[in-house]
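Participant: Here are the chains, one letter per residue:
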Amino acid sequence: MNKLKKRLLSVLLLFGLMAGTVCGCGSESSKSPNGKLYVYNWGEYIDEDVIQEFEEETGIDVIYDMFETNEIMFAKLAQDTSAYDVVCPSDYMIQKLIQNDMLRELNFDNIPNSKNIGEQYFVQSRDFDPENKYSVPYCWGTVGILYNKTMVNDTVDSWDILWDSKYNGSILMQDSVRDAMMVALLKNGYSLNTTDPGEIRVATDDLITQKPLVQAYVVDQVRDKMIGGEAALGVIYSGEAIYTARENPDLVYVVPKEGTNVWIDSWVITKGSKNAENAEKWIDFMCRGDIALKNFEYITYSTPNDVAKENIEDEDIKNSKVAFPDLSSFPTESYKYLGEAGDRLYNDAWMEVKSADY
Amino acid sequence: MKLFKSKRQAGLIASPYMAWAFIFIVVPLCMVIYYGFTDSAGRFTFDNVATIMKPGYFKALVRSIELALISTLVCFILSYPLGMILAGMKLKKNAYIVTLFILPMWMNFLLRTLTWMTLLEGKGVINTVLEFFHLPTISIINTPSAIVLGMVYNFLPFMILPIYNALNRIDENVINAARDLGANTLQTFLRIILPLSLPGILSGITMVFIPALTTFAISTMLGGSKILLIGNIIEQEFTQLYDWHLGSGLSIVLMIFILINMIVEAIYDSEGGMRR
Chain A
1 MNKLKKRLLS VLLLFGLMAG TVCGCGSESS KSPNGKLYVY NWGEYIDEDV
51 IQEFEEETGI DVIYDMFETN EIMFAKLAQD TSAYDVVCPS DYMIQKLIQN
101 DMLRELNFDN IPNSKNIGEQ YFVQSRDFDP ENKYSVPYCW GTVGILYNKT
151 MVNDTVDSWD ILWDSKYNGS ILMQDSVRDA MMVALLKNGY SLNTTDPGEI
201 RVATDDLITQ KPLVQAYVVD QVRDKMIGGE AALGVIYSGE AIYTARENPD
251 LVYVVPKEGT NVWIDSWVIT KGSKNAENAE KWIDFMCRGD IALKNFEYIT
301 YSTPNDVAKE NIEDEDIKNS KVAFPDLSSF PTESYKYLGE AGDRLYNDAW
351 MEVKSADY
Chain B
359 MKLFKSKRQA GLIASPYMAW AFIFIVVPLC MVIYYGFTDS AGRFTFDNVA
409 TIMKPGYFKA LVRSIELALI STLVCFILSY PLGMILAGMK LKKNAYIVTL
459 FILPMWMNFL LRTLTWMTLL EGKGVINTVL EFFHLPTISI INTPSAIVLG
509 MVYNFLPFMI LPIYNALNRI DENVINAARD LGANTLQTFL RIILPLSLPG
559 ILSGITMVFI PALTTFAIST MLGGSKILLI GNIIEQEFTQ LYDWHLGSGL
609 SIVLMIFILI NMIVEAIYDS EGGMRR
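In the order they appear, the protein sequences are chains A and B. Residues in the first sequence are numbered from 1 upward in steps of one, following my numbering. Residues in the second sequence are numbered from 359 upward in steps of one, following my numbering.
BS3-like cross-link-like pairs, simulated, lysine-lysine; straight-line CA separation at most 27 Å: (1) K76/A <-> K274/A; (2) K309/A <-> K321/A; (3) K211/A <-> K481/B; (4) K149/A <-> K481/B; (5) K412/B <-> K211/A; (6) K166/A <-> K481/B; (7) K211/A <-> K417/B; (8) K481/B <-> K225/A.
Only some residues are given here: those of chain A computed to face chain B with a beta carbon under 10 Å: (9) D343; (10) M351; (11) A356.
Each pair of labels, with its calculated beta carbon distance range: (12) A453/B <-> D224/A: 39 to 49 Å; (13) G189/A <-> K412/B: 25 to 35 Å; (14) G400/B <-> D80/A: 12 to 22 Å; (15) D357/A <-> T486/B: 24 to 34 Å; (16) V420/B <-> K166/A: 28 to 38 Å; (17) F490/B <-> D357/A: 26 to 36 Å.
Simulated from the structure, these hints should not be mistaken for laboratory data. All values derive from a computational prediction rather than experimental measurement. Ideal Cβ placement from N, Cα and C applies to all residues, glycine included.
Could you put the whole structure together from the sequences, leaning on the hints where they help?
Facilitator: See the structure below:
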């Protein structure tokens with residue numbers, strides 16, 4: 001028994017070590033005359049120089065962390081909303097955060113630069129933030145198919161092509177529940193916010209049928225894999241289109257005719273924020289025309305900032321239909337928070353897809 | 359020689375470790391058990407643990423056990439002959455050998471696995487080299503084979519070191535005696551060397567099987583998130599779905615398998631001890 005105990009201990013210690021290697025948490029400590037600010041943003045979603053500029057101008061020490069999906073972000077905040085001050089989730093997740101009373105109302109007097117954000121984006125935001133009290137738009141875009149024209153000879157204009165067995169092993173799907181389900185729902189002509197179990201069933205079965213053709217389910221890696229020519233077709237956010245085409249001219253971005261999800265990612269301040277004033281300074285800084293332009297040039301995600309858009313030097317990009325699409329040219333819908341029961345339906349369906357045979 | 363003057367002194371010196379073990383092992387374990395057997399309203403339930411019987415979850419568990427067993431077997435097949443060779447070399451300084459196998463572990467585990475991703479990709483390093491020599495290319499990335507490869511690569515040292523230690527400790531005279539008494543090479547191996555190295559083999563198996571059974575990083579990276587292991591499901595419950603109750607329930611199921619593994623090992627160990 002003693003031996004067993006010892007072994008148990010050693011095994012647990014081993015786990016401890018492994019966990020230690022997996023979670024390489026880092027934080028910077030430095031001078032912070034004006035306090036700290038904990039920022040939680042998507043991966044590769046800012047020009048890192050901007051963070052430094054903010055620190056230099058305001059004397060605020062920024063601790064910057066990144067997440068890969070809205071769901072990961074939510075799980076982290078649900079444990080402790082004071083873990084971060086300012087966060088950049090998407091529309092439906094902001095709705096969920098508001099409903100769970102996890103956000104703090106913004107004081108727009110402290111965010112004068114929010115006037116640079118186009119009025120239509122605040123109007124659009126009312127879908128999830130009805131009184132525009134909690135959020136300031138940061139980036140927006142669509143979801144579509146990125147394909148390599150040297151590897152795909154068909155016309156890519158429909159989500160159906162992602163089920164074409166010709167491209168077996170060359171398809172990249174999004175590894176996040178709403179984006180993956182969205183593809184299958186739209187393919188069948190359903191709403192991407194459906195909570196009809198029958199429609200979700202059809203979409204789930206479609207994704208299971210598709211699974212053997214899929215090379216991998218990834219999020220941020222779609223970009224690098226497509227640039228490297230690892231795959232022929234990938235589901236990707238519109239913001240990556242300019243960057244990927246710049247790195248590999250064979251890559252083309254299309255919004256399928258069945259339509260797409262139009263999304264907005266916005267800055268919000270958490271309910272438990274201990275540095276709310278600094279957080280408002282951050283949001284204001286992000287809304288500054290020159291800063292928004294700098295971010296746009298670096299991350300190439302469509303900016304809702306009118307001043308920044310006016311000042312884009314490259315005429316091709318300024319008039320690009322990919323960066324600033326005409327939303328009336330294809331059907332669009334935005335994600336909505338579906339409530340706990342709806343979330344459960346989607347999560348169960350997604351779990352079924354992920355554990356299906358490959 | 360007695361290291362400590364009294365039991366009390368020994369206890370005093372051990373207390374920081376005990377505190378550590380209590381805070382970081384016992385308390386989390388209790389939390390997992392609490393969450394695992396309650397629902398979101400705090401009522402007692404078996405549902406979380408029973409979820410393992412649902413088709414998708416059960417499939418993932420079976421798949422995890424399969425891959426972990428294969429990895430353990432491959433590690434054993436690779437390690438045992440190597441252990442014998444190393445023990446046979448009679449190196450004066452064992453430290454070098456140990457360092458040799460610990461060396462790759464100085465690099466972050468995730469980085470090493472990420473490297474395999476780059477190596478194995480369709481247009482990765484290995485295939486580029488193969489193509490250059492007009493050899494057929496390999497495509498094992500995002501398949502179970504790639505996951506097994508990743509597990510074997512990462513956990514091999516955990517198998518080699520205990521086996522090497524066990525073999526190294528075998529008294530040369532015992533082997534010579536067997537030879538003198540007429541045992542041939544095979545007999546010596548089967549009846550002397552193998553039984554005497556059994557403790558090393560058993561701890562090697564535990565050290566490989568358990569991390570292989572519970573991994574989620576390797577399967578995510580080398581399986582392209584297509585191949586869901588039970589570790590991935592638990593990770594998702596915690597990080598993506600925010601369902602601590604279900605995640606803990608499934609962890610308890612996994613812990614049962616780990617306990618079975620350790621009990622089996624403890625039984626073998628004590629039997630071996632008695633025979634000696």
